[in-house]
Every structure is written in C-alpha cells, then in structure tokens.
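K.L.:
The lines below spell out each chain.
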Amino acid sequence: MNKKPTPIREIVAHIVLIILSFLCLFFFYILIINSSRTHVELMKGFAALPGGNLMINLKNVLNDATIPIVNGIINSLIVSTSVAAIVTYFSALTAYGLYAYRFRLNKAAFTFIMAILVMPTQVTALGFLRLITGMGMNDSLWPLIIPSIASPSVFYFMHSYMQSSLSLSLIEASRIDGSGEFGTFNKIVLPIMRPAIAVQAIFTFVGSWNNYFVPALVISTKTKQTLPILIATLRGADFMTQDMGKVYMMIAVAIVPIIVIYLLLSKYIVDGVALGGVKE
Amino acid sequence: MKKKQKSVSYAKWGYIFIAPFFITFFIFSCIPLVDTIRNSFYEYYNSGLKVIGPNWVGFQNYLALAASDLPKYMWNTFVMWILGFVPQIVVALVLAAWFTDERMRIHGRQFFKVVIYLPNLIMASAFAMLFFTLFSNGGPVNSILVNAGIVSEPIRFFETTFGTRAIVALMNFMMWFGNTTIMLMAAIAGINPSLFEAAQLDGCTHSQMFFKITLPLIKPILSYTMITSLIGGLQMFDVPQILTNGQGGPNRTTMTLIMLLNSHLKSKNYGMAGALSVYLFIISGILCFFVYRMMMDDGSKPKKAKKGAKA
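For the protein sequence lines, the chains are W and D, in the order given.
In terms of our numbering, the first sequence is residues 1 to 280.
In terms of our numbering, the second sequence is residues 1 to 311.
Hints listed in this document are in silico derivations from the structure and should not be mistaken for laboratory results.
We put the beta carbon where it would ideally sit given N, CA and C, even for glycine.
You can take every hint at face value.
Covered stretches of chain D (chain W as the covering partner; in silico rule of three or more C-beta atoms under 8 Å from a C-beta of chain W):
| # | segment |
| --- | --- |
| 1 | 23–32 |
| 2 | 84–96 |
| 3 | 253–267 |
Below, computed lysine-lysine pairings styled on PhoX-like, alpha-carbon distance capped at 20 Å:
| # | chain 1 | residue 1 | chain 2 | residue 2 |
| --- | --- | --- | --- | --- |
| 4 | W | K107 | D | K12 |
| 5 | D | K266 | W | K224 |
| 6 | D | K266 | W | K222 |
| 7 | D | K266 | D | K50 |
| 8 | D | K50 | D | K268 |
Work the whole structure out from these sequences, hints included.
P.N.:
In structure tokens form, the structure reads like this:
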C-alpha cells in the first residue's frame with residue numbers, strides 16, 4: 001500500500017527548491033559582500049568574497065550628514081514599536097467588544113469591519129493629508145501612529161482567535177469574582193491572547209518598518225524621516241556620484257535588522273502566516 | 001458564531017470597547033474619504049507658485065483621467081501584476097503540493113519555508129534600491145553576465161520597457177511566492193487525508209490527485225489569493241517608484257496608478273488626485289465586496305484570515 005515515492009520527483013523537488021532558495025538568498029549575499037567593499041573595488045566589478053571595508057562603510061553611513069540614518073533608525077523604531085503596541089491592544093479590545101458583548105449594533109459593526117477588511121489606505125490619502133495638515137500634525141510621527149488604532153485585518157485575526165481560544169464562561173467567572181470590565185480585559189483576556197498578539201505584533205512591526213507611501217507624503221523634515229524615505233533619497237539624481245560602498249551599507253542597515261529578527265523568530269512567523277498572514 | 005449570553009446590562013461596555021476603533025476610523029478614514037470625493041469635483045492645483053481654484057468643474061477631472069492617464073497606468077499596473085502573479089501562483093501551488101505530500105521526503109523542509117518567505121519581510125523600498133544597483137549598467141548582475149560570457153556587453157535593463165517591467169515583476173514574485181506557498185499549504189493540509197488515501201488505493205497518479213482532488217478543493221483559497229493579490233497589485237508603488245525614481249521610465253511604461261496618485265499629491269493637484277482616488281476607491285470597493293462574500297460565506301472549509309497575498 002505504501003508505494004515508494006518515485007525518486008525522480010524528489011530530486012526535481014530538491015533542485016527547484018535549491019534554485020528558488022538561491023534566488024532568494026543570492027541578492028542578500030551580494031548586498032552583504034558589497035557593503036564590505038570600497039567604491040573603487042565595486043567599480044572594478046563583482047567579487048564573490050567580502051572586502052575589508054565593512055566598518056569604514058558603516059562609519060561613513062553613520063556620519064553622513066545629508067542622510068541622517070541614525071535619526072531614521074530611531075524614528076522608524078519609535079513608529080514601528082508604537083504601531084505594533086497600539087494595533088495589537090486596540091484590535092484585541094475591539095474584537096473583545098464584539099465577541100463578548102451582545103448589543104444592538106454588534107452585527108452591523110462586525111459586518112462593517114469585514115466590508116473594509118482589505119480596503120487600501122491610499123484611496124483616502126488626499127483627504128488624510130489635508131486633514132492632518134488642518135490638525136497641525138503634518139511633518140510629525142503622530143499621523144503614522146494614531147490611525148493604526150483602526151486596523152480591520154488585525155481585528156479580524158484577533159476575533160477569529162477569540163472564537164477558538166476564549167471561553168465566555170471565563171469572563172463570567174471573573175465578573176463573579178468582582179473584576180471590572182476593563183480589568184477583565186487587561187488581566188484575563190490579554191494574557192490568553194498572548195500568542196495572537198505576538199504574531200500580529202511582529203507583522204505590524206515589520207509592516208510599519210517597511211511602510212513608505214504615507215510617511216513619504218507626511219514627513220518633510222530630514223531628521224524626522226523614517227528609514228524607507230531615507231533609502232528612497234539614495235535614488236536621487238546624484239545616484240551616480242555616490243560612494244557605492246556607502247549605498248550598499250545603507251540598504252544593509254535598513255534590511256539586516258529585519259532579517260535578524262526574522263531568523264530568530266522564523267518558526268513563529270512562518271506558522272503565523274498560515275494563521276493570519278501579513279497585511280501592511 | 002457567537003455564543004448565547006444574557007448580559008444586557010453589559011451592552012454599554014461593548015460600545016465603549018469598540019469606540020476607539022470606530023472613532024479613529026471615522027476621523028482618519030471617513031472624513032478624508034468625503035474630503036477626497038469633494039475635491040475630485042473641483043479644479044484645484046498649483047501652477048508654479050499660483051494656486052488655481054478651487055473651481056467647481058463637475059466630472060471634468062474624471063473625464064480627463066479616463067481619456068488618457070487612467071487606462072494607460074491601469075494597463076501598466078496590470079501587466080506588471082500579471083507578470084509576477086502567474087509564476088507566483090504556479091510555483092506556490094507546486095511547492096505547496098510538495099511540502100504537504102507526506103510520501104515525499106524533502107530534506108530541510110523548514111529551512112526552505114523560512115528562506116522562501118524571507119523576501120516578503122524585506123523593506124520594499126530598500127529591496128528596490130538593491131535591485132536598482134544590482135541591475136544597473138555597471139552593477140554586479142551585468143558584471144557576472146559579461147564575465148561568464150553570456151552577453152558581450154552590459155544589458156541596459158532600465159532603458160527597456162520589458163527589462164524594467166520584468167524586474168518589477170521578478171521582485172513582486174520573489175516577495176510573494178513564499179507567502180502564497182504557506183497559505184496554500186495550510187489550505188491543502190485542511191483537506192481530508194482519507195480522500196488522498198482512497199485515490200491512492202484506486203491507483204491515482206500524483207498529477208491526477210493534484211488536478212482532480214487538491215486543485216478543486218482549494219479553489220476558494222485560490223480565488224481568495226487572486227483577489228487579495230489584485231488588491232495588492234492595485235497598490236503597487238514602492239518597487240517601481242524607487243526603481244525608476246518616480247518617473248515610471250522608460251517613457252512612463254512602468255508608472256502605476258498609485259505612482260500617478262503620488263505625483264499628483266506631491267504637486268498638490270488635488271482635483272486630479274481626488275478623481276483618481278475615487279476611481280481607485282470604486283475598483284477596490286468591488287474587490288472588497290468579493291473578499292467580504294468569501295469571508296462571510298459560511299462554507300464547510302475553514303475560513304481563516306488569509307490576508308495580504310499582495311502582488
């Protein structure tokens with residue numbers, strides 16, 4: 001009954017997987033190699049082995065006054081961390097509100113969120129820009145953080161997770177024990193939701209870290225810009241005159257932290273994709 | 001869906017808990033949407049330092065867009081999306097079938113999964129910047145090709161329409177095939193194994209099982225993947241924007257709809273940006289409706305959130 005699998009099929013599978021993995025890794029390999037070489041070495045052509053200029057390139061990048069990368073890293077960290085915290089907390093709160101309480105508009109609210117689940121934010125960008133300008137919030141990090149309170153896709157993930165893992169009798173029990181509604185949410189519900197929160201925190205952090213469209217429109221002051229905007233300025237008119245070692249190093253600075261986080265948490269991330277997926 | 005619960009007195013807490021979401025959504029999405037629609041009916045742009053308008057022009061912005069820019073940039077967006085999506089879905093299907101086939105011994109299954117998903121998390125703008133340098137005329141890719149004797153002189157990727165579009169599509173493919181593979185794996189893993197066992201007893205070949213059992217049963221997830229990928233494709237921006245420095249070159253053949261929106265927003269042409277946004281809103285509204293139907297459809301298959309299969 002257990003027919004032996006045809007080895008040809010397995011060999012083909014391995015070859016295809018190796019080619020695809022090579023494709024995925026090769027470009028990052030070049031990135032790392034090239035960020036360790038000098039401009040002159042880079043101009044001579046490609047080499048498979050790293051050069052000795054890694055630290056000098058890094059120092060040049062960190063000291064570049066026209067592209068304040070240290071500020072960029074700090075701004076990106078502030079925004080991404082705040083967004084990850086806010087998205088997970090408020091999405092769980094909203095999901096809990098609809099999951100645990102019966103009220104007249106419950107069904108309508110759920111239907112509404114589902115209807116806007118995958119609506120692109122770009123369609124309201126014009127009004128959004130005018131609104132935050134009117135509020136005096138343009139050229140600050142706030143407009144990148146506050147709107148994430150309303151994140152339909154994370155809400156949906158949290159709601160699904162509650163349906164499978166949060167028993168309403170537990171909430172009843174905590175009420176009988178005299179816990180207030182917010183207390184129940186913060187002390188009972190949130191700890192139960194920890195796995196879901198962890199997965200979504202990672203994804204929203206990465207999504208926010210990589211976000212380019214809205215930040216580029218909102219922020220104009222150099223020192224307030226996030227990493228993707230700074231990377232984009234590399235591609236300006238003076239691209240050809242840049243020190244290429246520095247260019248590669250800047251790209252590496254933007255990419256490598258995420259790769260490191262990913263490799264450390266890859267098991268949870270890959271499993272999390274199938275559960276809820278990424279949505280920037 | 002929800003369990004019965006008698007807690008009428010707690011109803012107000014429901015409203016309190018969902019209030020932040022809806023207040024935020026109202027302020028940062030509803031008001032902007034209305035404002036966007038309103039602007040679309042005005043002539044309102046900057047000409048040099050002078051501000052023209054706002055003058056009411058009715059549907060003139062819509063007509064002007066539909067006459068020239070809209071079809072052109074929609075086509076660009078579509079071409080780059082489909083060039084990336086077709087290999088993405090084919091490769092993802094094949095990989096998902098392999099990964100879920102228990103009779104296949106794949107060494108380093110977890111390693112491959114981790115690697116193919118990696119590009120999805122990379123900052124698209126930095127990834128595009130990397131590809132721009134790698135594929136530039138004097139860049140490593142050309143240097144390798146020339147040294148290996150495959151081409152006699154560097155290929156000018158960014159000076160040909162196909163070259164630039166193909167690089168955008170390649171990047172979209174790389175960024176999303178791993179994600180799609182993992183989602184399809186979850187879908188295939190949800191198929192009742194006894195179906196495969198029965199088919200095997202009946203002497204089905206691998207390809208028969210794939211086409212007659214796996215494919216029909218994951219059709220809902222496949223259509224879901226396609227619709228969400230279309231929505232993602234509609235939002236295509238970071239990669240072509242940075243590869244072409246916002247110009248959509250050569251000759252605006254890689255300019256996407258969102259790149260056009262971005263350039264109108266940057267130049268403060270509110271009328272055109274508004275009309276374009278409304279077109280995008282209508283298209284995404286239709287696509288959202290399909291997603292809504294699929295998610296709310298109370299079928300027998302597990303309907304978990306399968307979001308973000310972008311481009």
